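2 protein chains.
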Amino acid sequence: MSRTRGLERLFAPRSIAVVGASASPDKAGHQLLKNLTGFAGKLYPINPKASEILGLRAYPSLAAIGTPVDLVALAIPAEACPAALAEADAAGAGGALIAGGGFGESGAPGRSLQDALAQICRAGSIRLLGPNTAGFANPPAGFAASFAPGLERLPAGRIAVVAQSAGVNITTAFLLQNRGYGVRLAVGLGNSVDVAAADVVAWLADDPLTDVIALHLEGIPDGRALVETIRRAVPKKAVVALTVGRADVATFAQSHTGNLIGDYARKRAALRAAGAVLVETTDELVDAAIALVHGRIPPKADAGVGLMTAQAGPGLLMFDALRTSGVALPSFGDATAARIAELLPPMTYVRNPVDTARPAPTYGEVLRAIADDPAIDAVAVYTLHEPAAVDPVAVFGAARAELGVPVVFGTMGIDGDVAPTFAALRELGIPAFPGPERTARAVRALVEDAAARARVARARASVEAAAERIAAPLDELGAKALLRAYGIATPPAHACATHDQARAAYAALTKPVVVKVLNPAILHKTEAGGVHLFVDTPERLEAALDAIDRIDAPTPSRYVVEEMAPPGLELIVGALNDPSFGPTVLIGMGGTQAEALRDTATTLAPLDLDDALALLASLRAAALLDGWRGAPAVDRRAVAQALVAVGRLIAAHPEIAELDVNPLRAYPSGVLALDAAVVLTPGAREARVVARR
Amino acid sequence: MSRTRGLERLFAPRSIAVVGASASPDKAGHQLLKNLTGFAGKLYPINPKASEILGLRAYPSLAAIGTPVDLVALAIPAEACPAALAEADAAGAGGALIAGGGFGESGAPGRSLQDALAQICRAGSIRLLGPNTAGFANPPAGFAASFAPGLERLPAGRIAVVAQSAGVNITTAFLLQNRGYGVRLAVGLGNSVDVAAADVVAWLADDPLTDVIALHLEGIPDGRALVETIRRAVPKKAVVALTVGRADVATFAQSHTGNLIGDYARKRAALRAAGAVLVETTDELVDAAIALVHGRIPPKADAGVGLMTAQAGPGLLMFDALRTSGVALPSFGDATAARIAELLPPMTYVRNPVDTARPAPTYGEVLRAIADDPAIDAVAVYTLHEPAAVDPVAVFGAARAELGVPVVFGTMGIDGDVAPTFAALRELGIPAFPGPERTARAVRALVEDAAARARVARARASVEAAAERIAAPLDELGAKALLRAYGIATPPAHACATHDQARAAYAALTKPVVVKVLNPAILHKTEAGGVHLFVDTPERLEAALDAIDRIDAPTPSRYVVEEMAPPGLELIVGALNDPSFGPTVLIGMGGTQAEALRDTATTLAPLDLDDALALLASLRAAALLDGWRGAPAVDRRAVAQALVAVGRLIAAHPEIAELDVNPLRAYPSGVLALDAAVVLTPGAREARVVARR
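Sequence order for the protein chains is B and D. Going from the first sequence to the numbering used here is simple: count from 1 and add 465. Going from the second sequence to the numbering used here is simple: count from 1 and add 465.
Keep in mind the hints are simulated off the structure, nothing from the lab. Treat the hints with care, since some could be wrong.
[Said to hold, decoys possible] If you want the ones that stay clear, here's a sample from chain B, every Cβ over 12 Å from chain D, calculated:
no., residue
1, 590
2, 745
3, 847
4, 1055
5, 1060
6, 1064
[Claimed, not checked] Incomplete in silico selection of chain B near chain D, CB under 10 Å:
no., residue
7, 613
8, 630
9, 653
10, 713
11, 939
All of these numbers come straight from a predicted model, not from anything done at the bench. C-beta: ideal position from N, C-alpha, C; glycine also.
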């Protein structure tokens, strides 16, 4: 069953019925009908007590219309919604919208009403938007299916807004309108009983009127589906995503949508892996969408930005912001530098950034020279509004066609003076922003979109068929055997049931060895006195075995005799099957300090070597990998290969809830997994299936 | 000599002369004169070749005017400026302005011109703004001494802008104007040959027309003076500061003002210690200034914010942003919660944040209830523009007088609908912001200002008289003796010249001991094989001494025999006399990881115990201090006392360039300095004097 089934009829209907349409202006059923007056299709007020509302013939029921309508908007009390939804489904409606609240976000009675709605959607064929949402606006079609004032007057544009929250949907749409931009569709998902973000993204991915998708997400119940949908959309549309939950907002969030908010880092990691440009505020969401709607940079891992400024101070703020966020500002080639030097007075800075000083007639030429530099994939320009010196509209108007790369323009001036410039540039297809930092942020969005496209374009590491399911709990050696099966080396070791077996193992291994207790009942081996290092004489072996025998445990312990690994850099590698996003991997620096500093990075599994190398490089303490204070550099490639292997492992074993390799010791050549633990959750798979619709 | 001398005549002149005034519209000397036409005082064009310019009588020279003018604006080539400045000084002018460039920011000839200007200011009594600046605007006096178009039309307001960069000054002033706010003064400092940020802040601190000072700083040549000036201003005016240099921008910055950009962390630490509210973009600078110009929270270390939202989604974004930035959102008292429960329908969230759902007539009552809660020092409100549900202008108009705390309002709506609301609220003295996150940022600025006021209000740790100057370099034991003189404990140790002395020391100390080489020529003791741990037998002592004797060094080595300290948590404590900010201290976690993660915090010295505890708590890995993975918690107070002591030490010894205590080992009770090094710079003091004017 396709995610997009019925959405055409829901979001682009040819007929709409409003159940609960009312003549009294204070009723939601009135405001909703009023917001629909611009609708070009057939509009049916449904109200058994009225014959005519707002000049439209009213019908006692959906059935009375005599023909199926595309969209049914329910403006009636929560208790009445399940029956009305069932009736709409029976009457052959394509989609329904429930704007009102009183469902999953409220107490137990509300939750059971919501379950009833979900049941109807599962059993029938109707699609449901909401409940607990302000609805949606479709400006190109000239209507808003919402009681929120103003939505019906949104101008049409090519940016689609899809927000979990009705309030954020409306805020974002209005922020765009305030900047002079229209929207293609503005959808508030609310409680997402049926229609979820992934469904709308899938529909927009093939919508000819959409160029950019701006997402707001809170809890993400079916993350894996969303990731796959975004991944399919990104080659065709730019996707910008804002999510919530840096701080602990669980309680308030729960009261709001009834959703769990989920792990922020994992949500961000998943959206990045999917190819979305991540932002942290609605302003950034809007600025990024505006930058992208005028054109994207082709897929490129590390796009270079040329910075051109007429005022050095603002240029310095932009340069600082771009460098801090990791955007490359490559130094221009000699040809470009020479050309710019011809065009500008001496003593200006020409290697990137370019400080033109007060714009001269050569301004446009300088812009062309920068845009033509082979290292430059986008140009950011900042110039105060100074008509006597330069007219950006004329310059960009002339240059637009010749410029092979996107240009982002920033300026500032007296309100009334600069507003026409913003409007004219918008018409020219040049994104323009007020002030230096927003301009920098906008070009950064272009760069991150290009990198995301490059990531998504790469052949994905393929999910392999689930391996044979692990039934029984694994002890340390069992977990290590599993790692070896995926190509991760572990030190030579033997499991021994008796002292004699241990002596034989000791004789066979290179000294010194480690002697460890092997007993599923003993979780913290070291604390229990079950780990004995530097065993290099028979006497020490006996002492170690006796010490282990003395550990109090329900079942008799066995022994691990293992060659002691040489010192190296300690890392932590983890993997878990997230209930929403499925298999994920995590890398972190070992040791208490890094732990306390939470210096970890996470992404989705499976991942390929480039993903793994990028993840490793994203650690704040990555410098330690290259040798620090005289320590040798470690084998990044080997660490990355171990990450890839753990990703394949967790993806192939949905029955594994969590896998920890702590430490993974890294050397100038190769790595060794010194300890490993596996936690099984037979329920893991089922949990995810339930989460899906 | 006072910093503010002559600034009244410079910034609020009664007469202005324009040297290089010109009749040809493309000349800066023409645009500058034109921007001054609104000036109410006397205006004198100076041009030997003209008798009349723009309808004003022109004079051949300043002397020809016959009476001293307050401000002389030089619109002439750089080479001509020194002579003209000297002439202005001789003619008794109060201040001069050089807008043009070609000075310190350019090559050697420019630098020597700039030196000439500095020399004239030092020798004479005239104050100079610039060179290499666009000048300044004084809207309350109706003029702009600048060639930048638009500045002359800035509305008057109570926010002063002081920016290193002319471009940032103008950008910020226009951003304020775009938000409907005027400025009191908008100054671009340029190369700051004479008038520096500290001077203007000092003047504004006592200016009756100023409520908020918005600062932009790049390199800060005389940081200590700026800090002291801001500290004196903050009780009277709110100060918001933006500085640059998170990334490495040195090269570009150099080409721009000729300034060194300085250490970003140290600049931020100094400005925070001075009581400024720190921001990272011009947008944040403007939003913070707008929030503060309508009223501040009284001094309070941890002001509490009440959050009231009509749409849960935007409220969640605000809640998340505030919590992430460490703003306290205290849970309301029972009385408040009960009152709100009376006023709102069930199932809304009432403990903070308050989710009112669609505003009802009780909206204003809910606002009052929140503002009245004893735990609440400011209220942040967000409501989409919905006239049918609530009119914020009416609500705030009615409530304003009764609300005992500042309120920050956020909203969004169709451009034309919501603009009048913003204007009306501005008139009411209610700061209003577009969208949720900017509203959250604004209230955060109020909270940080209150905390800064509390810090500045505390009795400052007093700078003690410089101690007896250390003449000769100190070895490890000398450095440790210095630490002990300031109350920082070190392990019992003896310096020994001979093996016999070492044996005697060994006999006298508790075992095990550490035997270290003592030789100023050997910097890296461990690498040189000059550190021997766990010495607990006479044989090991002899072996250690012999090993030290074998170290190749220009002068014969002595020995340190020191009791070995028990294990504990290792910290790094440093102190340095910064050429700009003077004495500063630094604390960091010990170990390579923390080093690689740059987990350090710095502030100005001297500091008091509260400052030190706050600094310690600001470390990312502060959790390690409280015991991590079973380690005991360490004595925070003792660590803080050591920081205070090091602060007193560095402040009392300007001849010390740098002091390092690495490690400072912390225990459940007390701390021990295990190693210490002192670097002297005889020039340190002088350097700072030169930096001062």
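Here is what the structure says about each hint:
1. Even its closest Cβ contact with chain D, about 30 Å, leaves residue 590 of chain B beyond 12 Å, as expected for a residue assigned away from the interface.
2. For residue 745 of chain B, the condition that its CB be more than 12 Å from all CB atoms of chain D is violated, with the nearest at approximately 8 Å.
3. With a least beta-carbon separation of about 8 Å from chain D, residue 847 of chain B fails to lie farther than 12 Å from that chain, contradicting its non-interface assignment.
4. A Cβ of chain D approaches the Cβ of residue 1055 of chain B within 12 Å, the least distance being about 9 Å, so the stated non-interface status is violated.
5. Non-interface status of residue 1060 of chain B relative to chain D is broken: a Cβ of that chain comes within 12 Å, the nearest being about 8 Å off.
6. In this structure residue 1064 of chain B is not separated from chain D by more than 12 Å, as the shortest Cβ-Cβ distance comes to only about 6 Å.
7. Restraint check, residue 613 of chain B versus chain D: the minimum CB separation of about 7 Å is within 10 Å; hint holds.
8. Contact between residue 630 of chain B and chain D, as hinted, is supported at the beta carbon level, the nearest pair being about 2 Å apart and thus within 10 Å.
9. Taken as an interface hint, residue 653 of chain B checks out: its beta carbon lies about 8 Å from the nearest beta carbon of chain D, inside 10 Å.
10. Below 10 Å, beta-carbon pairs count as interface contacts, and residue 713 of chain B has one with chain D at about 7 Å; its hint therefore holds.
11. Look at residue 939 of chain B: its Cβ only gets to about 24 Å from chain D, farther than 10 Å, so that hint breaks.
In this structure, the earlier hints numbered 2, 3, 4, 5, 6, 11 are contradicted, and the remaining ones agree with it.
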